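Participant: Chains as they are written, first to last, in our numbering: chain P, 1 to 420; chain Y, 1 to 420.
Bear in mind the hints are in silico, worked out from the structure with no lab data behind them.
A hint or two may mislead.
Identical copies look the same in the list; a pair holds intra-copy or inter-copy alike.
Here are the simulated lysine to aspartate or glutamate pairs, EDC-like style, with alpha carbons at most 16 Å apart [unchecked claim]:
#: 1; residue 1: K9; residue 2: D70
#: 2; residue 1: K237; residue 2: D337
#: 3; residue 1: K237; residue 2: E277
#: 4; residue 1: K237; residue 2: E34
#: 5; residue 1: K21; residue 2: E50
#: 6; residue 1: K6; residue 2: D74
#: 7; residue 1: K6; residue 2: D192
#: 8; residue 1: K220; residue 2: E176
#: 9; residue 1: K220; residue 2: D192
#: 10; residue 1: K62; residue 2: E420
#: 11; residue 1: K237; residue 2: E343
#: 12; residue 1: K6; residue 2: D134
#: 13; residue 1: K6; residue 2: D388
#: 14; residue 1: K93; residue 2: D13
#: 15; residue 1: K21; residue 2: E316
#: 16; residue 1: K205; residue 2: E393
#: 17; residue 1: K220; residue 2: D200
#: 18; residue 1: K62; residue 2: E113
#: 19; residue 1: K184; residue 2: E34
#: 20; residue 1: K93; residue 2: E18
#: 21; residue 1: K220; residue 2: D254
#: 22; residue 1: K196; residue 2: D171
Computed from a prediction, not measured in an experiment: that's the story for all the values here.
Take a look at the letters that make up each chain.
Protein chains: 2
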Amino acid sequence: MKTIVKSVKGTRDFYPDEMAKRQWIYGHLKTVSESFGYQQYDGPCLETLELYAAKSGEELVKEQSFVFNDRGGDLITLRPELTPSLARMIAEKQNELVFPARWWSYGPFWRYERPQRGRTREFFQWNIDLIGSDSVESDAELAAVACSFMRSVGLSPEQVKLRYNDRQLMDQAFSELGIDSESKSALLRLVDRIDKLPADVWEEKVLGLGLDQRQLTALKSLLADVNLWQRSERLVKFVSLMRSMGQVEYLEYDPRTIRGLDYYTGIVFEAYDVNQEFRAILGGGHYGNLVGDVGGDPLPGVGFAMGDVVVQLVLEHFGLIPDMKTETETIFVTVFDDQTNPESLRIASDLRLAGFKVVTALGTEKLGKQLKFADRIRASKALVIGPDELAKEEVMVKDLQTHSQSSVPRAQLVSFLRNE
Amino acid sequence: MKTIVKSVKGTRDFYPDEMAKRQWIYGHLKTVSESFGYQQYDGPCLETLELYAAKSGEELVKEQSFVFNDRGGDLITLRPELTPSLARMIAEKQNELVFPARWWSYGPFWRYERPQRGRTREFFQWNIDLIGSDSVESDAELAAVACSFMRSVGLSPEQVKLRYNDRQLMDQAFSELGIDSESKSALLRLVDRIDKLPADVWEEKVLGLGLDQRQLTALKSLLADVNLWQRSERLVKFVSLMRSMGQVEYLEYDPRTIRGLDYYTGIVFEAYDVNQEFRAILGGGHYGNLVGDVGGDPLPGVGFAMGDVVVQLVLEHFGLIPDMKTETETIFVTVFDDQTNPESLRIASDLRLAGFKVVTALGTEKLGKQLKFADRIRASKALVIGPDELAKEEVMVKDLQTHSQSSVPRAQLVSFLRNE
Numbered sequence: 001m002k003t004i005v006k007s008v009k010g011t012r013d014f015y016p017d018e019m020a021k022r023q024w025i026y027g028h029l030k031t032v033s034e035s036f037g038y039q040q041y042d043g044p045c046l047e048t049l050e051l052y053a054a055k056s057g058e059e060l061v062k063e064q065s066f067v068f069n070d071r072g073g074d075l076i077t078l079r080p081e082l083t084p085s086l087a088r089m090i091a092e093k094q095n096e097l098v099f100p101a102r103w104w105s106y107g108p109f110w111r112y113e114r115p116q117r118g119r120t121r122e123f124f125q126w127n128i129d130l131i132g133s134d135s136v137e138s139d140a141e142l143a144a145v146a147c148s149f150m151r152s153v154g155l156s157p158e159q160v161k162l163r164y165n166d167r168q169l170m171d172q173a174f175s176e177l178g179i180d181s182e183s184k185s186a187l188l189r190l191v192d193r194i195d196k197l198p199a200d201v202w203e204e205k206v207l208g209l210g211l212d213q214r215q216l217t218a219l220k221s222l223l224a225d226v227n228l229w230q231r232s233e234r235l236v237k238f239v240s241l242m243r244s245m246g247q248v249e250y251l252e253y254d255p256r257t258i259r260g261l262d263y264y265t266g267i268v269f270e271a272y273d274v275n276q277e278f279r280a281i282l283g284g285g286h287y288g289n290l291v292g293d294v295g296g297d298p299l300p301g302v303g304f305a306m307g308d309v310v311v312q313l314v315l316e317h318f319g320l321i322p323d324m325k326t327e328t329e330t331i332f333v334t335v336f337d338d339q340t341n342p343e344s345l346r347i348a349s350d351l352r353l354a355g356f357k358v359v360t361a362l363g364t365e366k367l368g369k370q371l372k373f374a375d376r377i378r379a380s381k382a383l384v385i386g387p388d389e390l391a392k393e394e395v396m397v398k399d400l401q402t403h404s405q406s407s408v409p410r411a412q413l414v415s416f417l418r419n420e
Numbered sequence: 001m002k003t004i005v006k007s008v009k010g011t012r013d014f015y016p017d018e019m020a021k022r023q024w025i026y027g028h029l030k031t032v033s034e035s036f037g038y039q040q041y042d043g044p045c046l047e048t049l050e051l052y053a054a055k056s057g058e059e060l061v062k063e064q065s066f067v068f069n070d071r072g073g074d075l076i077t078l079r080p081e082l083t084p085s086l087a088r089m090i091a092e093k094q095n096e097l098v099f100p101a102r103w104w105s106y107g108p109f110w111r112y113e114r115p116q117r118g119r120t121r122e123f124f125q126w127n128i129d130l131i132g133s134d135s136v137e138s139d140a141e142l143a144a145v146a147c148s149f150m151r152s153v154g155l156s157p158e159q160v161k162l163r164y165n166d167r168q169l170m171d172q173a174f175s176e177l178g179i180d181s182e183s184k185s186a187l188l189r190l191v192d193r194i195d196k197l198p199a200d201v202w203e204e205k206v207l208g209l210g211l212d213q214r215q216l217t218a219l220k221s222l223l224a225d226v227n228l229w230q231r232s233e234r235l236v237k238f239v240s241l242m243r244s245m246g247q248v249e250y251l252e253y254d255p256r257t258i259r260g261l262d263y264y265t266g267i268v269f270e271a272y273d274v275n276q277e278f279r280a281i282l283g284g285g286h287y288g289n290l291v292g293d294v295g296g297d298p299l300p301g302v303g304f305a306m307g308d309v310v311v312q313l314v315l316e317h318f319g320l321i322p323d324m325k326t327e328t329e330t331i332f333v334t335v336f337d338d339q340t341n342p343e344s345l346r347i348a349s350d351l352r353l354a355g356f357k358v359v360t361a362l363g364t365e366k367l368g369k370q371l372k373f374a375d376r377i378r379a380s381k382a383l384v385i386g387p388d389e390l391a392k393e394e395v396m397v398k399d400l401q402t403h404s405q406s407s408v409p410r411a412q413l414v415s416f417l418r419n420e
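Isolated chain P, as found in the complex:
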């Protein structure tokens, strides 16, 4: 047996059944994005390394990106995230665009990470941003978009939660603990990693920042205080707006929700399955300055990103992706012989123009074989146009589920099939 050339590690082949799942998820996020009036955009898949150096976290560029010299000698990066491209595009047309701008995108991204459950090197990501507003209304709008998506794919508030926090609230709380400004951002990063480190290691690292035992104890009770959000006027309003938008049941306050990037400056949020068996489904937040570091004028906004891998695992876990195999509504047109073939093809063309999905037999195999193929491709109906049907200007419609059949006048075929 010959060896088949291998695919690249961390990439996926989307056979039709897998592609149907990807497109099912895409369809939902597209509908939700558009229902909030967001416009679709896209950046290039290739950007200069310089762009990410200006904008992305160091780890992402230096360790997790595919970077290469192109034939002209330039350092090119396969996009590991979309925000830098978004920033570049906004900066380039900052004087023409209407703000606040509501933009969304979906496409492939690449990160050179160890492939594991929920993580591939090539993945698809939904990005959605509201740019040019500092209001808490914009934060709530993006959180509502996230919740609307979860609701639309069938993920209930009993299955998934949107955890939220406000970095400014944390900053203020840190101040009250007597933590100096220099240690605050390092401490934020440690809070972000609290679930990833053993408790003793984590405490040691906190003390290593110069906190004393009393501050550590106070910090731990702070991070366990699920009512902390009530001290933030912004979060109180956020929750109230989410209530008005009918999304409050998805909310779960979590003082330990920080998000990794330095980039966020206000409200942040992440969606998780309630048992946290999976990584974050999506995450985002408020940023103070999208375009400043790529050459534009400071512009605040809020946005989130969702990869396709974790959400699909979560949806499969809860059995929420419909069985695409049963969803085909294909009509199979058989070919009786060479004389009737033109009529079969004409009927197929007419049905396509009327909006049906139609597959025709490729030649005059025995009818039984043709019908067997129709079953194998899960067609719902098969049409037979033999010499009798041709003479009477009729079509025999066979229902492949019920195995019933009806003779339908040619002129009524479209309406017959529509009413089935």
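Add chain Y to chain P, keeping to what the hints say.
Facilitator: For chain Y alone, kept in the frame of chain P given last:
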């Protein structure tokens, strides 16, 4: 003024207006693919160099592909075409798949070529293949898919033609001219380039293959014979099938249509604007063996590919892409004050669930300013919910085109907006 980081040469930014065009074209090719019962699939964007070495033309891999070492040291290629991935995927599941398989795909591709009109380094491509049939019916089906697409985007048979030929017919005609087997494939490649070379250079190259002056003269009259197709039983049937499918007006026989790749073994076709002001819009044909050289068992098929760049130029040339700016059906929900804000948000959520695209004001700016923003985003209607409307359970609906307005009971809002 600060400098904005540049994008990579040969890539494109898809701002919403450009993205709408890309998605308009995508929508048409998706609908047409599905109407013929094709299933969507996708391969990875990254493949090993080995895969292309086995399958693609030498020029494409050696000179026109982005190839790089990943961090693990493997030689990775940004896919310059989809067929090798398709072949790999089919070969891997050759024993499970149902044949003939009808598959289509759409996604990004990369070629390191000099950017020029109709050519970018990063582009999108539609691929569609019928795999596992050697029948002329399958060739005609793919040609009909191509013509159905052109018809669906508004390109008429007076504007574009599908030029077709049969390599086996050419092979036979070359034999009759006394051309030996060894020279045939070199001659086919020269015929493919006849429009790209000056006549004298072309003739010199033909003579360089060992043809004599008599053969050259006969070849030239062969390549001018628009009735040559009638000598091919397969092409006669192809044309007759295309007539049955209602696509014959798009056909134009051209004995010089060859397609560059060695890969094609039978009928080939290419779509062009009639004045040939642009490159080929799409091209494809019949192949004898898709998977043999990547490790599968020989399998014939037929397919074509269409890049997004040329077709968009042609569509714009003929003024066929609708003005997307006038197509927005967004409803803008104003916010009167903090008291009425919850009701505004509730109404917005209800309308989204009812299928409308709804943008809300982010806070309580002056109503005049909010309505001005609604105009700038080309919303069709604006809703006002002030204290009076709140008390009467009504909504003021302002038509932003006609500037008329109506008070609509809250309970009838959805049906009112649907009937507008």
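Participant: Now tell me if each hint is right for this structure.
Facilitator: Results of checking the hints against the structure:
1. K9 - D70: between (22 Å within a copy, 11 Å between copies)
2. K237 - D337: between (72 Å within a copy, 14 Å between copies)
3. K237 - E277: So K237 and E277 fail the 16 Å test inside a copy (31 Å) and across (59 Å) alike.
4. K237 - E34: neither (25 Å within a copy, 47 Å between copies)
5. K21 - E50: neither (35 Å within a copy, 29 Å between copies)
6. K6 - D74: Only across copies: K6 and D74 sit 12 Å apart there, 29 Å inside one copy, limit 16 Å.
7. K6 - D192: neither (38 Å within a copy, 33 Å between copies)
8. K220 - E176: within (14 Å within a copy, 90 Å between copies)
9. K220 - D192: Close inside one copy (13 Å), not across copies (74 Å); limit 16 Å.
10. K62 - E420: Neither: 58 Å inside a chain and 55 Å across chains, both beyond 16 Å.
11. K237 - E343: between (66 Å within a copy, 15 Å between copies)
12. K6 - D134: neither (49 Å within a copy, 27 Å between copies)
13. K6 - D388: Classified as neither: same-chain Cα gap 52 Å, cross-chain 68 Å, threshold 16 Å.
14. K93 - D13: between (37 Å within a copy, 11 Å between copies)
15. K21 - E316: within (10 Å within a copy, 34 Å between copies)
16. K205 - E393: For K205 and E393, the Cα distance exceeds 16 Å both inside one copy (83 Å) and across copies (57 Å).
17. K220 - D200: within (13 Å within a copy, 85 Å between copies)
18. K62 - E113: within (12 Å within a copy, 28 Å between copies)
19. K184 - E34: For K184 and E34, the Cα distance exceeds 16 Å both inside one copy (38 Å) and across copies (55 Å).
20. K93 - E18: The answer is between: 14 Å across copies meets 16 Å, while 38 Å in one copy does not.
21. K220 - D254: So K220 and D254 pass the 16 Å test inside one copy only (13 Å; across, 79 Å).
22. K196 - D171: So K196 and D171 fail the 16 Å test inside a copy (22 Å) and across (67 Å) alike.
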